[in-house]
Structures are given as C-alpha cells and as structure tokens.
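The whole structure should be built from the sequences, with the hints applied where relevant.
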Amino acid sequence: MSKQNENELIQAIDKAHLPKHVAIIMDGNGRWAAQRHLPRISGHQRGIRSVREIITFAREIGIETLTLYAFSNENWNRPAKEITQLMILLERYLLKELKTMMDNGIRFRAIGQIDRLQSSVSKLIHSVEEETKQNDQMTLVLALSYGGRTEIIDAVKKVTEAVQKEEIALKDLDEECFSTYLYSKAIPDPDLMIRTSGEVRISNFFLWQVAYTELYFTKTLWPDFRKKDFLLALLDYQGRERRFGHVSGWDAMPETSVRARERKNPIVGE
Amino acid sequence: MPVVIALIWTLSPFFFFLFIAIVILRVQYEYYLLFFQETEKRQILFGLGLGLCLLSVIYYRLPLLPSLFGLVLLILLYSLSTLREIENTLTHIAVLFFGIAYIAGFLGHLILIRQHPAGRELIFLILIMTWGGDAGAYYVGKAFGKTKLAPRVSPNKTVEGAIGGLLITFLGGAAAKLRFLPLFSWGDLIALSLLLGVFGQLGDLVESMMKRSAGVKDSSGLVPAHGGLFDKLDSIAFAAPLLYYYLILFKA
Numbered sequence: 000m001s002k003q004n005e006n007e008l009i010q011a012i013d014k015a016h017l018p019k020h021v022a023i024i025m026d027g028n029g030r031w032a033a034q035r036h037l038p039r040i041s042g043h044q045r046g047i048r049s050v051r052e053i054i055t056f057a058r059e060i061g062i063e064t065l066t067l068y069a070f071s072n073e074n075w076n077r078p079a080k081e082i083t084q085l086m087i088l089l090e091r092y093l094l095k096e097l098k099t100m101m102d103n104g105i106r107f108r109a110i111g112q113i114d115r116l117q118s119s120v121s122k123l124i125h126s127v128e129e130e131t132k133q134n135d136q137m138t139l140v141l142a143l144s145y146g147g148r149t150e151i152i153d154a155v156k157k158v159t160e161a162v163q164k165e166e167i168a169l170k171d172l173d174e175e176c177f178s179t180y181l182y183s184k185a186i187p188d189p190d191l192m193i194r195t196s197g198e199v200r201i202s203n204f205f206l207w208q209v210a211y212t213e214l215y216f217t218k219t220l221w222p223d224f225r226k227k228d229f230l231l232a233l234l235d236y237q238g239r240e241r242r243f244g245h246v247s248g249w250d251a252m253p254e255t256s257v258r259a260r261e262r263k264n265p266i267v268g269e
Numbered sequence: 000m001p002v003v004i005a006l007i008w009t010l011s012p013f014f015f016f017l018f019i020a021i022v023i024l025r026v027q028y029e030y031y032l033l034f035f036q037e038t039e040k041r042q043i044l045f046g047l048g049l050g051l052c053l054l055s056v057i058y059y060r061l062p063l064l065p066s067l068f069g070l071v072l073l074i075l076l077y078s079l080s081t082l083r084e085i086e087n088t089l090t091h092i093a094v095l096f097f098g099i100a101y102i103a104g105f106l107g108h109l110i111l112i113r114q115h116p117a118g119r120e121l122i123f124l125i126l127i128m129t130w131g132g133d134a135g136a137y138y139v140g141k142a143f144g145k146t147k148l149a150p151r152v153s154p155n156k157t158v159e160g161a162i163g164g165l166l167i168t169f170l171g172g173a174a175a176k177l178r179f180l181p182l183f184s185w186g187d188l189i190a191l192s193l194l195l196g197v198f199g200q201l202g203d204l205v206e207s208m209m210k211r212s213a214g215v216k217d218s219s220g221l222v223p224a225h226g227g228l229f230d231k232l233d234s235i236a237f238a239a240p241l242l243y244y245y246l247i248l249f250k251a
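Protein chains in written order, with numbering that gives the first Met the number 0: chain D, 0 to 269; chain B, 0 to 251.
Please keep in mind that the hints were generated in silico from the structure rather than gathered at the bench.
All C-beta atoms in this analysis are idealised placements derived from N, C-alpha and C, irrespective of residue type, glycine included.
Incorrect hints may have been included.
To spell it out: a stretch of chain D is covered by chain B in this simulated footprint if at least three of its residues, at any positions, have a beta carbon under 8 Å from a beta carbon of chain B; those stretches are [what the hints assert, rightly or not]: (1) 27–35; (2) 44–57; (3) 167–173.
List time: in silico EDC-like cross-link candidates among lysine to aspartate or glutamate, alpha-carbon distance up to 20 Å [unchecked claim]: (4) Lys227/D <-> Glu37/B; (5) Lys226/D <-> Glu39/B; (6) Lys227/D <-> Glu5/D.
This is how it looks when you write it as structure tokens:
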C-alpha cells in the first residue's frame with residue numbers, strides 16, 4: 000500500500016492530460032460484506048459511499064465523463080431479494096442526488112436496457128435524465144441492465160432495419176456510423192477503465208467501446224475504493240503511452256507519447 | 000450451540016474468562032471491520048490487544064483509573080509512532096478506543112458476573128432472558144405485529160413484538176428462578192425483565208446507529224440481522240452490565 004498521502008498524489012497529477020472519459024466496473028461489494036459477516040446488501044450500501052466520493056472528486060478534478068457499471072445483464076440472475084434491494088437503493092440514490100447533480104452541473108444518463116427495470120425505477124431514471132439534460136460540467140453515465148454483446152446485437156438489428164428502410168446504405172456503414180446505434184451514442188469511448196476487487200476481466204461491459212481503452216485493475220474492493228485509489232489509477236494512466244495502433248516516435252500522437260517519455264513515471268498503481 | 004452451553008457450565012471462572020475473552024475479542028474485531036480498511040490490520044490487532052488488557056484488568060480486579068490512563072496513553076503513543084494520514088488520525092483513535100471501552104468494557108461484565116457464587120446460573124439467566132426476549136419479540140412481532148414502535152428508527156419493530164419479547168423474557172427468567180436460581184424474588188424478576196426490555200431496545204438503537212454510521216445500513220429497514228457475532232451479542236452487551244449492577248445494588 001502506497002505510503003504517499005492524497006495531497007502528494009494530487010500534486011503529481013498532470014491536470015492538462017486527464018482522461019476525458021473514465022469508466023469503472025464497481026466490483027467487490029458482495030465480497031466486502033462477506034468478509035465482515037454482513038449481508039450482501041450492506042456491501043452495496045457501503046459501496047454508495049465510494050460512488051459519491053468518486054463522482055464528487057471526478058467533478059472536482061475535471062473528468063468530463065464518468066461511467067459507472069452498476070447493474071449488468073448477468074446480475075439479473077442474482078436472488079430476487081437482492082435485486083429488489085438494489086433497486087430500492089438505486090431509487091433512493093437518484094432521488095437524493097438529483098439536487099447535487101443540478102448544483103454541480105452534472106448531466107445524468109443511463110445506458111442499457113432500461114425498460115427491463117421495474118417501471119417506477121425506469122420512470123425515475125428518465126425524469127432525472129430530462130431534468131439534468133442541460134447540465135454541462137460533467138456527464139455521469141450509469142450502466143444499468145447493460146450487456147456489451149446485447150448492445151452490439153441491438154445495434155446490428157437497428158442498422159439492419161435502417162438499411163431495409165433505406166435510411167442508410169450498407170456501404171456507408173463505418174465505425175463512426177455504427178457507434179451511433181449503440182446505447183452509448185454521443186458518449187466518447189472511455190480513455191481509462193478501472194475494475195476493482197482484483198478480477199481481471201471485462202465481464203461483458205463496454206466491448207465495442209474499449210478498443211483502445213487503457214485498462215486498470217486493482218485488488219481494492221469497491222466499498223474501500225476512495226479518492227486516493229482513483230488518483231493512483233489516474234497517475235498510472237498518465238504514465239502510459241497511448242499509441243492507438245501507431246508506432247511510437249514521430250508518427251505517434253504528439254501530446255500523449257512525447258509527454259509520457261518526458262515525464263518520469265511517478266507512481267505505478269498496485 | 001450445545002457445546003457453548005456445556006462450556007459455560009463446566010468452565011471455572013478462569014477458563015470462562017479465557018473463553019469469553021476470545022468471544023469478546025471476536026466481536027470487537029467485527030466492530031473494527033465496520034470502520035477500518037483491510038490495509039489497517041495492524042491497528043485492529045493493536046486494538047484487540049488492548050481489549051484483552053482491559054478484560055484482564057476486569058478479571059483481576061485491577062484498579063480502574065490507572066488502567067484507563069494506561070490504555071489511553073498506549074493508544075496515543077501508538078498513534079504517534081504509526082502516524083500515516085493525519086486526516087484520519089483522530090477518527091482512528093476514537094474508533095480504536097471506543098471499540099475497547101464499549102465492546103470489551105460492556106461485555107466484560109460477564110466476567111464479573113461469572114465470579115459471583117451463583118455465577119454459572121446467572122450467565123445462563125442472561126442468555127435465556129436476552130435471547131429469549133429477542134426471539135420472542137421477533138416471532139410475536141411476525142405473528143401479531145400491527146402498530147409500529149419507532150418507524151423512523153427501526154421500521155420493523157412493533158409494539159406487539161416488544162410486549163411479546165418482554166413476556167418471554169419474564170417467563171424465561173421465571174423458569175430459571177424456579178429451576179436453579181432461587182436468588183431472585185418475583186419482584187426482582189419483574190424489575191429485571193422491564194429493565195432488560197428497556198436496555199434491550201437501547202442496545203438495538205445503538206447497534207443501528209453504528210451500522211448506519213459505518214454506511215452499511217440506512218433507514219429503509221433493508222438490512223436484516225446477519226451471521227456475525229456482533230449481532231448476537233449486542234443485546235447481551237447491555238444486559239450484562241445491567242445485571243451486574245443490579246446484583247451489586249440489591250443483592251450484595
């Protein structure tokens with residue numbers, strides 16, 4: 000565990016080169032609770048603290064988009080009781096945080112098969128999306144009832160329909176066009192994706208979108224993930240050289256790779 | 000469970016002390032886990048060590064004020080020597096200290112009770128009355144619960160449950176009195192049942208407050224009891240001192 004304190008870490012951050020979009024797979028709530036002989040829902044509840052802290056901090060430091068993977072398609076297989084409890088937590092969270100979002104200029108969006116959620120929840124989600132639509136300081140995206148492969152299949156279906164209706168021509172279908180058919184349309188691809196609790200996999204989260212995303216894995220469980228852990232992830236990101244398939248050197252994107260070579264890599268996460 | 004009962008019955012006050020110390024430290028550990036992170040194991044260990052010291056002070060009837068002084072002094076010295084993140088220091092000191100004073104301090108009264116001539120029987124009395132009362136409140140509440148007790152604090156508790164719990168507590172105490180504890184009069188029994196009822200609710204509120212503060216529970220009544228020792232012993236944490244001081248005041 001790094002002995003550096005938060006302030007030192009904040010100083011080390013290069014504020015001009017932050018990832019524009021950070022996505023987080025918030026894993027580990029259940030395990031955190033089990034370690035303490037608490038019911039699983041307690042882990043989710045404590046996890047909300049991390050959510051608040053990270054959102055606040057991301058807003059402070061100037062991250063433009065923050066996506067949190069809250070509920071996956073696979074999560075529908077969890078015991079009905081846990082799902083109900085999670086929905087209750089989600090509703091209470093949205094109701095409570097709406098004011099904060101308005102005060103801080105945070106625009107809320109939900110991606111995934113929102114209609115699969117219980118109607119009171121999906122109505123609440125749509126209304127929060129509407130109300131925060133004009134906010135422009137940061138976009139907070141919650142991935143709910145989301146599955147990467149399902150997203151792609153849904154997109155393929157929509158594209159097929161569009162082609163059949165002659166709205167677009169097949170030959171015009173390229174990456175940019177296709178990405179407008181995904182749930183994440185109008186959201187840029189993540190620059191950094193963080194997964195907590197030590198699992199090193201994507202678990203059907205963003206698939207299309209993480210083509211060039213820097214992946215960061217930490218053993219810290221989500222309820223223990225704090226500002227400091229987020230800083231470590233950001234610093235690790237800043238120490239990396241992003242090539243997007245090009246070679247490094249003259250051909251590479253100047254701001255990122257030259258920058259990376261110039262600075263001494265201060266801290267590497269975990 | 001029957002093993003526990005057998006142990007309580009057969010162990011001498013000294014071995015009972017060792018046994019109950021392990022149990023109490025386990026509860027203290029669970030309490031610490033609510034507030035400390037995985038990486039702070041050393042602080043937790045230190046707190047448990049001091050908890051053991053306090054329990055020994057109780058068992059050996061060492062003078063209390065000097066012990067308290069020594070306890071706090073050690074905590075302060077430890078904090079100075081392991082200073083990491085200054086923003087957390089005061090909170091850590093407070094949580095560390097309170098874990099010792101509340102968990103070890105309250106539950107430690109069981110050690111004192113065991114040292115009474117009728118110690119064994121008294122320990123059983125506590126178990127029967129508190130656990131019986133809790134179970135009674137739960138089942139009666141489930142069957143007949145209608146009017147809420149304190150909806151904003153504890154959404155699942157009903158007046159019917161509370162009364163049921165009191166009744167079971169009293170009946171349990173009565174059974175104990177008739178079978179193996181002639182020490183108490185009927186008046187004593189009624190008083191104890193009522194006091195245990197009140198303190199039981201208090202213990203509940205305190206546990207709720209701590210869980211909420213730790214962020215693992217909120218006022219939606221979502222969180223049920225769980226398998227940890229903390230839950231099982233939190234009503235005893237208030238009952239033990241109550242019984243001990245009752246004994247001292249009225250049954251010396």
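Exercise for the section: Please write out, lowest number first, the hints stated earlier that are contradicted by the structure. Expected result: 3
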